[in-house]
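I would like the entire structure built from these sequences, with the hints used as guidance.
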Amino acid sequence: MVLSGLALSGANNVWKGNFDLPDTEDGILTAYEISQLDLSNTKLVVLSACETARGRIFPVDGVFGLQRAFKQAGAGAVLMSLWKVDDNATAVFMEHFYRFLFETSDRHKALKMAQDEVKKQFPDAYYWAAWVMLD
Numbered sequence: 058m059v060l061s062g063l064a065l066s067g068a069n070n071v072w073k074g075n076f077d078l079p080d081t082e083d084g085i086l087t088a089y090e091i092s093q094l095d096l097s098n099t100k101l102v103v104l105s106a107c108e109t110a111r112g113r114i115f116p117v118d119g120v121f122g123l124q125r126a127f128k129q130a131g132a133g134a135v136l137m138s139l140w141k142v143d144d145n146a147t148a149v150f151m152e153h154f155y156r157f158l159f160e161t162s163d164r165h166k167a168l169k170m171a172q173d174e175v176k177k178q179f180p181d182a183y184y185w186a187a188w189v190m191l192d
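Position one of the sequence shown corresponds to residue 58 (the numbering used here), numbered consecutively onward.
Misleading hints may appear alongside valid ones.
[As the list claims (entries may be wrong)] No farther apart than 35 Å at their CA atoms in a straight line, the calculated lysine-lysine pairs in the DSBU-like style are these:
1) K128 with K169
2) K73 with K169
3) K128 with K73
[Stated by the list, open to error] For each label pair, taking beta carbons as the anchor points, the in silico distance ranges come out as:
4) P116 with Q178: 36 to 46 Å
5) L139 with N75: 14 to 24 Å
6) M151 with I85: 36 to 46 Å
The hints are simulated quantities; they were obtained by calculation from the structure and are not laboratory data.
As the structure is a computational prediction, the values presented were derived from the model and not from experiment.
Cβ coordinates follow ideal geometry from the N, Cα and C atoms, glycine included.
Take a look at the structure:
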């Protein structure tokens, strides 16, 4: 769970070796750190970057990555991508997803409706089928 994570503000300083402030966050939030949070009141986590559903596969235990970390932390559902996603198609998808989510309050319906809208502009499945929801 330390091989997956999110790079937040300040993370570039760590990678460039410019980070030497003790007692200060480094800008890297690992999947392990996420798994230790209390997200039990979080209904939905949206990971809109490329390959956010990826992780390391263990034959008995399944996939360890961001998705597992958020679920262990108590998040109700995680929306994520299975492969590298196109920036323009993702922007269209997210715009529609959030609009439909606020209109319907049904995350699964919003996902399907957003995918259908993206299909109109980008018919190839590469552009819309990467998005999956883990409950």
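Return the numbers of the hints above that this structure violates; sort them in rising order.
2, 5 and 6
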